[in-house]
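Here is what each chain is made of, one letter per residue.
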Amino acid sequence: MKKETAARQKSDGYLMLEKYLLKNTRAKAGLLILLFFALVAIFAPLIAPYEPKDISFMPWEKPSLAHPLGVNSYGQDIFSQVVYGTQVTMAVGVMAGLLTSFIGIFVGLLAGYKGGRTGEVLMRIVDVFLVVPTLAFMIVLAAFLPSMGIWNLIIIIGGLNWLWMARSIRSQTLSEARREYVDAAKVQGMGTLEIMFREILPNIIPVVTANMVMVITSAMLTEATLSFLGLGDPSLISWGQMLSVSFDNNAILYNAWWWMLPPGLCIATLGFSFMLIGNSFLDIYANDRGGAVKL
Amino acid sequence: MENAAVKFDHVKKYFGKRQGLFGKTSLKAVDDVSFEIQKGEILAVVGESGCGKSTMAKMLCKVYEPTEGSIYVNGMDVTGHTKKKEVKRFRKEVQMIFQDPFGSLNPAHKVSHIVGRAVELHYPELTRAQVRERVVELFETVGLTPAADFMEKHPNQLSGGQRQRIVIARALAVKPSILVADEPTSMLDVSIGIDIMNLMIDLQKKEGLTYLYITHNLASARYMADRMVVMYAGSCVEQGSTDGIIESPLHPYTVLLLSSTPEPFREEKLEIHAAEDLPDLTGDMNQCPFSGRCPRASDRCRREKPGTYIIGDRQVKCFLYEHAKEGDGPLVDVSIYQGKEL
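As you go down the protein sequences, you meet chains R and C in turn. Residue numbering for the first sequence follows the numbering used here, starting at 1 and increasing by one per position. Residue numbering for the second sequence follows the numbering used here, starting at 1 and increasing by one per position.
Worth flagging that the hints you see were computed from the coordinates, not collected in a lab. Don't take each hint at face value.
What the hints assert, rightly or not - Once the Cα atoms are required to be at most 25 Å apart in a straight line, the calculated SDA-like pairs of lysine to any residue come out as: (1) C:K85 with R:G116; (2) R:K186 with C:S241; (3) C:K84 with R:G75.
Claimed, not checked - To list a few chain R residues with every Cβ distance to chain C over 12 Å, as calculated: (4) L32; (5) S56; (6) L110; (7) V128.
As the list claims (entries may be wrong) - Now the in silico label distances, taken between C-beta atoms and shown as ranges: (8) C:S49 with R:E120: 29 to 35 Å; (9) R:L46 with C:Y123: 41 to 47 Å; (10) C:E125 with R:P133: 51 to 57 Å; (11) C:E68 with R:P133: 48 to 54 Å; (12) C:D195 with R:G115: 34 to 40 Å; (13) C:E68 with R:F272: 48 to 54 Å; (14) C:E133 with R:L15: 30 to 36 Å; (15) C:D226 with R:E120: 33 to 39 Å; (16) R:L98 with C:A219: 55 to 61 Å; (17) C:M76 with R:L15: 45 to 51 Å; (18) R:A136 with C:S186: 55 to 61 Å; (19) R:F102 with C:H10: 45 to 51 Å; (20) R:E120 with C:V87: 47 to 53 Å; (21) R:G115 with C:K305: 32 to 38 Å.
All of these numbers come straight from a predicted model, not from anything done at the bench. Cβ atoms here follow ideal geometry from the backbone N, Cα and C, with glycine treated the same way.
The shape of chain C in the complex, shown without the other chains (with noise of 0.2 Å):
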């Protein structure tokens, strides 16, 4: 697809580690993810901690190079280069939205530095003044009136939601295309947590911007997202319109996360006793990811990893699938998992 605004091709990205006193080996964090977002999409990333969530939002911003794969932003492949040039360029295109207002923000820097930095860095021709002005601008952008009250101080005296304001205006001040949000709400109260969600859909709408939307909460992925990708354990295990997954779960997981949301009016009472770990992610993975928690796990599921298989404009790694056809519903629902111990 040629508007893809970012591709994700085969990414991988195993961690070093250390083992004993010579052995090495290596986490992987991200086995094999591929996935598009359109331009001006909101594309979701759910899944529990340690899936792998916030890896692939810092391979897409640069700050880890992939192991494997490449990743295409505007068509372009951005893995390995290091030309400061081009990396210049690409951070004008793709900027990050924290998921910790506290610690994302330098203490020693006032914020009108902070926010006018970030503006400098790109666009070294503009003057002083004009820069104050740009900043300024942003601060009414992202809702922080009169910027004036705001401009002179430390981030220390912001509340959180103020910081968060600031991190998505230094964010906007290099005029990205390209937003990605790695669990931005999730140090924030809920009340002030839909504030900046609220934010961040109209400066999409205002500004045509494409966000990869990173959470583990699948209520604002629904409220923000067009598509949604599900992660478990380092691999992209379902993918497909957000609407689409969350009334009708195809992956056995998918299936557990979704249960797992409370939901005030539902009426049998689910007795899920969920395991808190995740699979060991350091061996030769020749296996289904979730197979050691999954009630439908067949000897295969533990012998082979599952493909990736298309249904109408879904996509689901699990071999239930694996002849289903456009139109089939789901194979599975939440009972699999009643009382079970996973």
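This is chain R alone, in the form it adopts within the complex (with noise of 0.2 Å):
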């Protein structure tokens, strides 16, 4: 009997882990890009084969054995580049996701649960931010401070994204603040803080993790936007910066495709396997609820 019981306890986590990933094929092919990144971005001192700063080569060197992405204007191997940019862009893109839905679900719960006064004027300020072109304002910003550290860039990045997050969690905290255990949390004499995270978030995590999936890429690819317009920092090497100098180094006359194709697709497959992970994870929530989520 004992026995049985276990069994069946251990089937309950497991089924959401198998319905949300194993049995779940763009998550896993999502996951497993994901996955592939992050150990380049680990063991990149071990993979690079020349340090990314090093200008001891032949610029504009094609592609061949000895630089599988080729050298670039100023005597740079692109495939250490490339495998160190990981890391930094990464970084960026994880830590910048973590502030954003960091705020995000704070607000959004607040908003969503405490509603009426409260809920009102945060939902104005998101209202108001949302109407200030995000990037316009990081560009600002960017410009104006005075360093361009990679902590600035990723409290810049982070601390302007979390308004349609914001909203989204709020309007899922809205719905569930309605359902009959939150009141019965209310009777039992449970704070606000303690209905908001420890009873309602569980219940939303799938709405939050397809979130956050979607503010990580969106970080990663602010990151590079930045960096590309020149606002980022000149001396870390990250995919949008790298896309910079070579856009500034005429690689396009040059017909260098190996300086701008390699760190394009990498941007472009690590944000597609990010929204692989979220669109999947939503699908499945939603279809749970009669397709009734809005993101």
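Given two chains presented individually in distinct reference frames, assemble the corresponding complex, making use of the accompanying hints.
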């Protein structure tokens, strides 16, 4: 009897995993790509054949066995740069994404659960910020900040990206807060924070996950955009930075496709993997609730 | 009365409702309701859906605050209190059994957490082992034995009846003196419903609990309750002892309600075409709420709200009984509805 119960309990958490991951080809594919890039980032020093900033090679050298992706105009090995760039791009994406998620979850839950005046004020603030073009605002901020280190980048991207996420989480919280277990929690005497984070949040995890994946993607892309526009940290090597430098050095004129394609493809592939995971989670979650999920 | 466990004193609850672009009207969910529940008594509130029963339950549990009037629990006015300590003390007295055992248990938690958390919240001095002990004890009290088989399950692994037992265990966890039960059996099979009702009656006898029992089912009200309040469209049209009301209903609405319960041995067949909707609850109601459907309604019923008339231990809100004295029987019976289009 006890064994049977134990088996069934195991299957409960396992079922969720199975449903969202193991039986979900899209999510599996996305996770595989993500894993690949994560491994590249972690083992970058082992994978990269040269130091990324080493300028001891012949400029504009085409891809060869010694330099699988060729050499750029400064005489740096591009393959090594792409490998090291994974670190920065992923770090900025994940850190800024986490910062965004933290703000988005908190604001969304608070506005959705508290409702009333608190909710209205928070949502009006969100609306005001939504009207401001985020990218332009980031460019202005980035231009005015004295130094543009990786942390500034993370704070600017993370701090301005939470608006849609907050809205999405709020709308889920609104519907969740009407369920009777929330009343039950109130009657028991639980505090607001406990109801928000311990009662409601676990029930909207798929939406939160999907949102998180989206904001990480968007943070990565924004980092690339800012770097490309020359607002990143020039001392960092990220994919966006590489694109920016290649553009500044007329890589197009020299037909140096080996300089521009790899970072661009990497950005697209990593973004695609996040999208695969996020969208497939959201589809499953929405199917469970009659397709009524707004992101 | 000194020993009333719960007292509703002219309680009103209006919900704001937007109308058009700028207009705002209020929906009178509960309109001027007064009653008392003595310690250790079971009071049933009956009425059709939308009559304000659940709103009343939620006001007593401080999920909603009344718009007007006061609610006294053990002699203390509990309306408008917002101080954390006072609210917490109040929560220890009044707990709720919810209608829907599927919605009122958080699917994200194990049932041992759901019940244990209620214990923790109000008895923070207990150690983890003591809390667990208490949870086991509660599971046994509500008939979930052996407790070990249920502790680690999630609500979705349990049946409706088992879930409702968990809901009751959670309500008992804080050792309340008053339990509000909002149609606790309406979502369950009849045979399981009766188990739950028996469990509630047992608990009441053992722990001397006071119940506010909300139902639309007169049979279950009679089975459970000592006294009964009949609600219609937010107001309390009749109250008195359960047996008294069921044997000789006074208010025309109570008569209608009783006649609509199926009775296999009734000789004559009634044909009543009952309206489905409640009257509009948004306007100023300067009339008897039941006047639209009442075959005995006079012009006065449509102009004026009837007061509460006391006949012995019964109270009724109907002009028919304005001059009635103690011992007077009902002035209406089912025949007034015969063949009527309501």
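Run the distance test for C:K85 versus R:G116: straight-line Cα separation, threshold 25 Å. holds, 24 Å
Kindly confirm whether 48 to 54 Å is satisfied by the beta carbon distance between C:E68 and R:F272. violated, 60 Å
Do the alpha carbons of R:K186 and C:S241 lie within 25 Å of each other, as the hint requires? Given pair R:K186, C:S241 is violated - Cα atoms ~33 Å apart, limit 25 Å.
Going by Cβ atoms, does R:L110 stay more than 12 Å from chain C at every point? Nearest chain C Cβ is 19 Å from R:L110, so the label holds.
Just to be sure I understand the hint, the distance between the Cβ atoms of R:L46 and C:Y123 should be within 41 to 47 Å; is that true here? Because 56 Å falls outside the window, the suggested range is violated.
Holds or violated: are the alpha carbons of C:K84 and R:G75 at most 25 Å from each other? violated, 69 Å
C:S49 and R:E120, beta-carbon distance inside 29 to 35 Å? At 31 Å between Cβs, range holds.
Please check whether R:L98 and C:A219 have a Cβ separation lying inside 55 to 61 Å. holds, 57 Å
Honestly, do C:E125 and R:P133 meet the 51 to 57 Å range at C-beta? holds, 55 Å
Is it correct that the beta-carbon of R:V128 has no partner in chain C closer than or equal to 12 Å? The claim stands: R:V128 keeps its Cβ more than 12 Å from every Cβ of chain C (closest is about 23 Å).
Outcome for the supplied range 45 to 51 Å, where the beta carbon pair is R:F102 and C:H10: holds, 48 Å
Quick one: are C:E68 and R:P133 within 48 to 54 Å, going by C-beta? holds, 50 Å
Of the numbered hints stated above, those contradicted by the structure are hints 2, 3, 9, 13, 15, 20, listed in ascending order.
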